[in-house]
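**Q** Each protein sequence line maps, in turn, to chains A and B.
Sequential numbering of the first sequence, starting at 711, is according to this note's numbering.
Sequential numbering of the second sequence, starting at 711, is according to this note's numbering.
No lab work stands behind these hints, which were simulated from the structure alone.
Nothing here was measured: the structure is a model prediction, and the numbers come from that model.
From the three backbone atoms N, C-alpha and C, an ideal C-beta is built for every residue, glycine too.
Keep in mind that a hint or two might mislead.
Stated by the list, open to error - Simulated DEER-style distance windows between Cβ atoms:
(1) A:S1089 - B:E859: 43 to 51 Å
(2) A:A920 - B:D1034: 32 to 40 Å
(3) A:N1061 - B:D786: 56 to 64 Å
(4) A:A920 - B:D786: 28 to 36 Å
(5) B:G744 - A:R862: 50 to 58 Å
To be verified - Mimicking EDC-like on lysine to aspartate or glutamate, the simulated pairs with C-alpha atoms at most 16 Å apart in a straight line are:
(6) A:K1095 - B:E1099
(7) A:K1095 - B:D1087
(8) B:K1095 - A:E725
(9) B:K1095 - A:E1099
(10) A:K1095 - B:E725
2 protein chains.
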Amino acid sequence: MKIESVDLFYLTMPEVRDVGDGSQDALVARVSAGGLTGWGECEAAPLVSIAAQVCPMSHSACKPVSASVLGQSLADVSDIDRIADLLAMESMDLLQAPHTFAGIEMALWDLLGQKLSEPVYRLLGYPRSYPKQPYASQLFGDTPEETLELSRRAAGLGYSAIKCGWGPFGRGSLADDRDQLAAAREGLGRDGTLLVDAGQIWGEDVDAAAARMDMLEEVKVTWLEEPFYGSAYESYGELARRSKSRTVRLAGGEASHNFHMAKHLMDYGDVGFVQIDCGRIGGIGPAKRVADHAVRKGVTYVNHTFTSHLALCASIQPFAGLSDHRLCEYPVSPQSVAWDMTRTHLRPDVNGEIVLPDSPGLGIEIDRDAMKRYLVDVSITVGGKTLYETPAL
Amino acid sequence: MKIESVDLFYLTMPEVRDVGDGSQDALVARVSAGGLTGWGECEAAPLVSIAAQVCPMSHSACKPVSASVLGQSLADVSDIDRIADLLAMESMDLLQAPHTFAGIEMALWDLLGQKLSEPVYRLLGYPRSYPKQPYASQLFGDTPEETLELSRRAAGLGYSAIKCGWGPFGRGSLADDRDQLAAAREGLGRDGTLLVDAGQIWGEDVDAAAARMDMLEEVKVTWLEEPFYGSAYESYGELARRSKSRTVRLAGGEASHNFHMAKHLMDYGDVGFVQIDCGRIGGIGPAKRVADHAVRKGVTYVNHTFTSHLALCASIQPFAGLSDHRLCEYPVSPQSVAWDMTRTHLRPDVNGEIVLPDSPGLGIEIDRDAMKRYLVDVSITVGGKTLYETPAL
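Using the sequences and the accompanying hints, generate a full structural model.
**A** Structure, rendered in structure tokens:
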């Protein structure tokens, strides 16, 4: 079949607040081929990813993403690889391209799975998918009291693993951070898995991060996520060396926009957990390559997802067949736009675990009516020519 | 002074052709503060960089570039660092941000230099600037005969160093490539400096690149540029190891969109030349940091520039004071949009060398009337609100 159309839909909450909640908007990709429709989702900055899809060519290595996708044939997995390789050359100088392609690539897997009557994880070579243990992904409260409340609530909902991130953590005194951590642990209970996300707060400052390692260990934190800029591998590596005797490991990788970046964070940054956002790394294919490398290196793969269950489902596929890579990020209280846009939701089962749909493709049913309620009208005109107008859903 | 406005102007040739010529369009940034005006230029994909400047916020770490720039105070060099650090946090998840900010950042240096009555290279800490040897940067011809003609013409214009790149090189047989290289050397003459740009043609395939090393050495090529994807450090490193006994060195780095990526190409990829495009790496500040690291590592810094003399002038500043880093990329036959947009041009002097203007800031006078001839009308509307319309020049 030939790829006939690619449509992008910008959904948003009526008000987007200045907080670290990535579920406040979404860019949904719809790809049509051979009478089938596939769906995917790009992470963040919808307008910019739309522009990358439709922009005029700057030169032979700076073409819009659409140029590498539209009209291509799609018969098996090698076609998705081929389209990704083509994009890498044709949009080499278009920085935003991997974020745009990410959602489109998910939709290609969804399409191909439907055509071949296989769930995506089987197309990736996994005979079966294993249940994952969801960790409740949430922000630190503004105060330790709020954090205590949030953790208690997540634990009450049945989560035995929670991650607290961003908010005031790392911005105030050591004592403030200690209070926040103690509150998170208290709310979760003694035995739960506690994870902490620093949101790159220390840039490249290894000392600032190292000063928190004692308190992280005191409350038995499993990983410290993104202490540094995504590309500051040396800072990761140095903190890992200084923390060799500790039980807390480093985690990172969500900013990777290609396989190599994630590989380098493992090879040079010595993280114990590599976290991949399929909506940023260019989709499911490069994420699977990261999972393969993680297995070789003894690193644990985890999805990074803070948006809809379409993105969640896509993000679990690359490590679905790895029984030892158990944890999965689970956005515990997404905004309504992220929840409403799909009819299918990956709810924790009776064991509190997340199990992928066994249906062809991604197995996520879209709710078009709900999407319409959040759909934004976008128009982009260049030189009198309309390059983008919100398509019909 | 406070940054009062940032305006972006999309200029283009009437027709953009599907060739590796980056001078066919331009995104010019104009920044106003305290009655002064600074100018800079972003590399490639103007529409996408405009969208990154004006897009709605997705969440607290995915804001438009404008949010980190407008209203900020600008009194000395530390303010530019501070704004760049702010952007790294506030637009962390906006992949295109460094390309957009790059042109704005150049304009901030231009502004600050005017305010402090110093050329930019002095603000960077260089007591003086040294003349550079321009190499004529051009594409391989479609045939060896064309390449011979192009090289002969560049040599006839007085260039003692030329670079041939892209076109058919690496796409056909080894014999084809050998003929191309022989033609380039013949046109240049025995003693000139010959450089070759493979344009990432071999992806991660070290063998394919290694198979060309004999022929590159036969015609005394100084560097082989971008044999691989920009982030494929291992491929660079392996080719460098296999080529230890050779005189030809590897070059790369133009794709770096932050300091770390360029550093890693030196540290892990073992390049002999690091090539930085100030229009991509986020401007002059991070490029200077790369130059400092290159000096520490014994790597030679070179600018990457294939567009206007505004970008060229900005791109030479970060290594202006390094007398041993002699070569500079010089677009030998840019499209008229790139040439016409400035009144000032950095022409080779009587010694065939490029000397930076000694005037405050970047010292490049813009030609507004010429710019108007290439200016494109762009309009971006989201949810009924116009976020961008081409501003008045």
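**Q** Take the hints in turn and mark each one as holding or not.
**A** Now the hints, each set against the structure:
{"no.": "1", "hint": "A:S1089 - B:E859: 43 to 51 Å", "result": "holds, 47 Å"}
{"no.": "2", "hint": "A:A920 - B:D1034: 32 to 40 Å", "result": "holds, 37 Å"}
{"no.": "3", "hint": "A:N1061 - B:D786: 56 to 64 Å", "result": "holds, 60 Å"}
{"no.": "4", "hint": "A:A920 - B:D786: 28 to 36 Å", "result": "holds, 31 Å"}
{"no.": "5", "hint": "B:G744 - A:R862: 50 to 58 Å", "result": "holds, 53 Å"}
{"no.": "6", "hint": "A:K1095 - B:E1099", "result": "holds, 14 Å"}
{"no.": "7", "hint": "A:K1095 - B:D1087", "result": "holds, 10 Å"}
{"no.": "8", "hint": "B:K1095 - A:E725", "result": "holds, 14 Å"}
{"no.": "9", "hint": "B:K1095 - A:E1099", "result": "holds, 14 Å"}
{"no.": "10", "hint": "A:K1095 - B:E725", "result": "holds, 14 Å"}
When held up to the earlier numbered hints, the structure conflicts with none and fits them all.
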